[in-house]
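Engineer: Please take these sequences and the hints and turn them into a complete structure.
Listed here are the chains, written in short residue letters.
Number of protein chains: 2
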Amino acid sequence: MAARGRVTVNADLAKERKNANFDVETLTNFIYGGVAATERRRYLQDVAINDPVLENNKAWACMSREEQYETALRKHLHMAKRIEEMKLTEERDMFYYTETGANHENSPIGVHSSMFLPTLRKQGTEDQKRRYLPLAEKLEIIGTYAQTELGHGTFIRGLETTATYDPKSREFVLQSPTLTSMKYWPGHLGKTVNFCILMAQLYTSGKCYGMHTFLVPLRDLNTHQSLPGVELGDIGPKFGYGSNDNGYLILNNVRIPRENMLMRYSKVLEDGTYVKPPNAKISYGTMTLIRVRIVANVSRCLAQACVIAVRYSAVRRQTEVSPGGPEAQIIDYQTQQHKLFPAVAMAYAFYFTGSEIYRIYNRINSNVEQGKLDQIGDLHGLTAGLKAFSSSNCCTSIEVCRLACGGHGYSHASGIPKIYVDAIPNSTYEGENTVLYLQTARYLLKCFTKVQMGEKLPGFVSYLGTDLTVKSTLKSDVSLESLVLAYEHRAARMVKAAATNIQSLVKEGLSQQQAWNKTTQQFVWATMAHCHAYVVKTFSTKVITSNLDDETRKVMVAVCKLYAVNGILENLGDFIQDGFLSSGQVDTVTRKLTYLLDEIRPNAVALVDAFDYPDKALDSCLGRYDGDVYQALYDYAKASPLNKKDVLDSFHTYLSPVKGKVDKSFSAKL
Amino acid sequence: MAARGRVTVNADLAKERKNANFDVETLTNFIYGGVAATERRRYLQDVAINDPVLENNKAWACMSREEQYETALRKHLHMAKRIEEMKLTEERDMFYYTETGANHENSPIGVHSSMFLPTLRKQGTEDQKRRYLPLAEKLEIIGTYAQTELGHGTFIRGLETTATYDPKSREFVLQSPTLTSMKYWPGHLGKTVNFCILMAQLYTSGKCYGMHTFLVPLRDLNTHQSLPGVELGDIGPKFGYGSNDNGYLILNNVRIPRENMLMRYSKVLEDGTYVKPPNAKISYGTMTLIRVRIVANVSRCLAQACVIAVRYSAVRRQTEVSPGGPEAQIIDYQTQQHKLFPAVAMAYAFYFTGSEIYRIYNRINSNVEQGKLDQIGDLHGLTAGLKAFSSSNCCTSIEVCRLACGGHGYSHASGIPKIYVDAIPNSTYEGENTVLYLQTARYLLKCFTKVQMGEKLPGFVSYLGTDLTVKSTLKSDVSLESLVLAYEHRAARMVKAAATNIQSLVKEGLSQQQAWNKTTQQFVWATMAHCHAYVVKTFSTKVITSNLDDETRKVMVAVCKLYAVNGILENLGDFIQDGFLSSGQVDTVTRKLTYLLDEIRPNAVALVDAFDYPDKALDSCLGRYDGDVYQALYDYAKASPLNKKDVLDSFHTYLSPVKGKVDKSFSAKL
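Line by line, the protein sequences give chains A and B.
Mind the numbering: the first sequence is residues -18 to 651 in this note's numbering, read in order.
Mind the numbering: the second sequence is residues -18 to 651 in this note's numbering, read in order.
Treat the hints loosely; a few may be bogus.
[Said to hold, decoys possible] Each computed DMTMM-like pair below joins lysine to aspartate or glutamate, with the alpha-carbon atoms no more than 20 Å apart:
no.	chain 1	residue 1	chain 2	residue 2
1	B	K477	A	D568
2	A	K39	B	E48
3	A	K320	B	E48
4	A	K149	A	D74
[As the list claims (entries may be wrong)] So these bits of chain A aren't anywhere near chain B, every CB distance computed over 12 Å:
no.	residue
5	T(-11)
6	D27
7	P33
8	S95
9	K119
10	G132
11	H133
12	S186
13	N203
14	Q206
15	N234
16	T254
17	R298
18	S408
19	S443
20	G446
Don't read these hints as lab results, they were simulated from the structure.
Glycine included, C-beta positions come from ideal geometry on N, C-alpha and C.
Structural biologist: Take a look at the structure:
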């Protein structure tokens, strides 16, 4: 990093970097997959950094929504062109480039490539792909994925938009039959796209066949004017996502040809006969991929917040430790360490987990492409809960990082509010978190029933068969193995307790559904414990099986242990309720927390440097690599649009009339 | 409430109100202090509701910062005038009026009345008050309280601005000696005020006497131009507080007369002799009052978020409970109840706590005014921790409420982001929360030492002498008394553990300071437990000593128990680590949570209605009293500034050039 043009660095930060006892570059390579991968990443970052077209002409937070939209449109279209010119085809390459060029400045065409194109490729027939893909790839067709409605989100079966097949004209008639059926929220729907993939209830031959997908033109491809029968627009300002024209759409008797239904799996024949897909789950593939991506994406958001907060905490000095002595770096305070270091550990934990489940997704997905569908349920069970667990935990920690920056964290100058409002919708979109926890809970309940019947389970849930009478063997070294076992014990016990509870409610005479409704909160807790165990185990395996040098490995072990130890203390009741951890072991774990904070302290800045985010991506006065935070805050203040004039017009309009004229002689004496 | 002009109400909401088993009006009166107080409150709310000057001409979130500033300035100046015309003098009256007129639309003159005037009244001499108060009360002088600097916030001793007395000219010379010494953050400092009360290090006769307060003119009282030697401006956009011109200020050799030091307590005589105040703590009074107010204020923010989320959860239906059946109100889901009802309980808990400590503040403060200073330390110990505990917990719960509204919670249409960004700075300003926890921790440590020596303690810490060997007597009824005792046991045990830990570290040879630094996180946890116990006890006492009718009392008991039971389950380790609660008692408490959610369910809407917030204050499509949320969301969308044109100019500027022209014949076939 130091080689990338930064010269003068704040003395405290320079000292931190000098005193780290591992090689940052080694860790960066470990995170991003090797020397070549890091070099490639940096090359693409630098392309973005050095491109004047990707500069903003003012701070993001100073722009109106219209300006944010225009800026993002300009930048993302430019990047799309550059991606083509550079012939980038790897998803990762495009991501690194755009992340640096417009971080948390959401693309007004992002859903086109993240959902519209993949769905077309996955669910379109060869004919459809031949016809539409070339146009879509050249942005002549720009599309979104219109699922969510005003009255329905995650519960897809409840969606109300209808597509009724008319065999006479061989067309589908699209209709928004109620107020609540209007599409609401799809990205870029309001102003940008000219097409959408519409999720609608399919009616043919007088019968409803449930949700299917349709290619629907919304605007004229040349004039961009909205088409007859199509009412659409932007849904208005949100907490974040200012550059995204999330839209609403009302369809009034809009007709599309039969060929516009995506018919790779389900079909409607010319005469209206419905042909069902080979596997009902097959069409949910796009959503699963997005959920998989979310795990790594929210960890990246958290990592960026950590870079900002940790660097600033090394620069900021506050309160002398002994009277009259120098003020301490706030990173030296135990309470500050306890806010930030577990957040850093969490960023690592979810990043490695995200990479791992992406690997799993690709493996299972290629089986699915070859017609092997038996692991779809496992994949869904794995990813639904992890999407919820990662987004919820990472976002909470981003706010912790922001608050750890004190007052300046509240200024947009810190850069963290921009990250938070961009990350937090991950808790809601692509499946609301509680709903997803409960989907994984149902999967765990099924798994538990299999365990009871002695069946073998896939690797990541095999621990459910653990002998719960065994007590922890955790010793003063607090080994990674003992921590993994503790998490697996906790999860196995909680899943068993929830499953036993529902089973006994059913025995008492409640229906399965009634019993479920009375135990959902318990199942949510159990599922969180399951996800927690998966993350601890994945992180731990990643560290144990690595071929890192001793120093780097040592610091990674400490970080992994901190993630696990902190989680135990935050959920202590779960671990001691059945006596699994003894009171002596609790003392050991509590002491270990303090030791780990001390151990990580000298490496804290190096640990966040290793995430390798350039200043352009961080867009933060507090997180600058050179630590020159106070001058940056002063510059940020001076650039405030309110400072264009010394005396604002509103003084004359509003303040001056209510003020009495003050006696000149009094004024002069002040 | 129904009498206030609402006619058609969503059927689900109407049913909820009909089915509540207590009288909402009774509870409203209980919250706000009786029938007359409620009537007064509603009268003032209606004055604001019916005043066309207090309408916004567009949604707050659609305004630029300049527009937010101007709108707030216009409205708050108008309200200041109306307050004078209506002769409102009670703080509460003014609050109810302005809260309705411009809720979470921060006043650009608020600090003038909340800190500038009170400090002038409290710390000014009779001469100063005579000279400045009449001008300040007529807004000829508008002032702020300039404490925080770019490099220093809560740590007041570290502030760098200097005021050096020059006996020759009988003036103070004010100076910002470093970059980090510029004032940064004071409210309205950038553009609005013409005066400030400046906190600066006092130097006289060659010696520094620490922080003192000075009246400093910043802008010409007539032209409003900034004065020579004064560089100031707005600090730029923040997470929220858009209408507040938080400012920066650099003083370069600015001279003010000796008489501009606030000299009621400390003095500098003409010859430069320093006269110290009778009690060093006396000048911190203003800050303590603000901290006291924060407890009730953040509870109000949470209450508003609860009104929105609970009403919306009654209106919103999602997912059939049994296949093919009607979709359930989401408030019927246990997981939704578990998000919202503890938040409602928390809002009540902190509101009553805020009222109670306000009462205590007034009692102690009137003693202080009469020269009895012995309870200042207790007051500080009580309020510092509670400010931190209330703001941190309420803000977390506001986000829980927002997320419980699903996707629509993310839209500014929900009204909750506006509440969150307005509430969250309470965690940082008027003392950063961790710093405040540690101030109360030091107080608790002192108290514990007194207990060890057999001294008597004030009421709210007397439980520290509890016999820790006694186990809980909590039974299946889970009485309020047993819950209070559980919290007091937990807090007493944790304070003792932290105090014992630091004492033994000192015995091992560490300095007091070193030992403190190694135990701060433990002390933070102990202080949270202490505050939690205080809140549970205060809420419980309020309910037990009330003269409510049986039905209302029953529901209040359930709400109070839910607050306590949920807190036990969230911190279970603390309560069972030493065997205080047995495993059977934990099962009892866990079951009780489910029972309480069931018990509160029919009263949920009534419980939030009782907070008595009119729609104008909530400013939310989801929280409307009439429940017409979907039409409101559609209207909100249509009003988006991006919808002024069907095709945005940016289509022609950016999108059109990169799109190939699509073959007309293809386009026609779509």
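Engineer: A separate judgement is required for each hint: does it hold in the structure or not?
Structural biologist: Going through the hints against the structure:
1. For the hint pairing K477 of chain B with D568 of chain A, the CA-to-CA distance comes to about 15 Å; that is within 20 Å, so the pair holds.
2. Using a Cα cut-off of 20 Å, the hinted pair K39 of chain A and E48 of chain B holds, with the two alpha carbons roughly 18 Å apart.
3. Proposed proximity of K320 of chain A and E48 of chain B is contradicted: the alpha carbons are some 37 Å apart, above 20 Å.
4. Taking the CA atoms of K149 of chain A and D74 of chain A, the gap is about 48 Å. The hint is violated against a cut of 20 Å.
5. Listed as a non-interface residue, T(-11) of chain A keeps its Cβ farther than 12 Å from every Cβ of chain B; the least gap is roughly 15 Å.
6. The non-interface label for D27 of chain A is consistent with chain B: the shortest C-beta to C-beta separation is roughly 24 Å, beyond 12 Å.
7. With a cut of 12 Å on Cβ distances, P33 of chain A stays outside the contact zone with chain B, its closest approach being about 17 Å.
8. With a closest Cβ-Cβ approach of about 17 Å to chain B, S95 of chain A is found to remain outside the 12 Å limit, as its non-interface label requires.
9. Not every beta carbon of chain B lies more than 12 Å from that of K119 of chain A, the smallest distance being close to 6 Å; the non-interface claim is violated.
10. Not every Cβ of chain B is farther than 12 Å from the Cβ of G132 of chain A; the closest lies at roughly 6 Å, contradicting the non-interface assignment.
11. At roughly 7 Å from the closest C-beta of chain B, the C-beta of H133 of chain A falls inside 12 Å, breaking its exclusion from the interface.
12. Separation of S186 of chain A from chain B is adequate, the least Cβ-Cβ distance of about 21 Å exceeding the 12 Å criterion.
13. At the 12 Å boundary, the C-beta of N203 of chain A falls inside the reach of chain B, the nearest C-beta of that chain being 6 Å off.
14. With a cut of 12 Å on Cβ distances, Q206 of chain A falls inside the contact zone with chain B, its closest approach being about 6 Å.
15. N234 of chain A, annotated as away from the interface, keeps every beta carbon of chain B farther than 12 Å; the closest lies near 16 Å.
16. The Cβ of T254 of chain A lies farther than 12 Å from every Cβ of chain B, with a closest approach of about 25 Å, so its non-interface assignment holds.
17. At the 12 Å boundary, the C-beta of R298 of chain A falls inside the reach of chain B, the nearest C-beta of that chain being 8 Å off.
18. Not every CB of chain B is more than 12 Å from the CB of S408 of chain A (nearest about 6 Å), against its label as outside the interface.
19. Every CB of chain B lies more than 12 Å from the CB of S443 of chain A, the least distance being 28 Å, so the non-interface label holds.
20. With a closest Cβ-Cβ approach of about 24 Å to chain B, G446 of chain A is found to remain outside the 12 Å limit, as its non-interface label requires.
Violated hints, listed in ascending order, are 3, 4, 9, 10, 11, 13, 14, 17, 18; each of the other numbered hints is respected by the structure.
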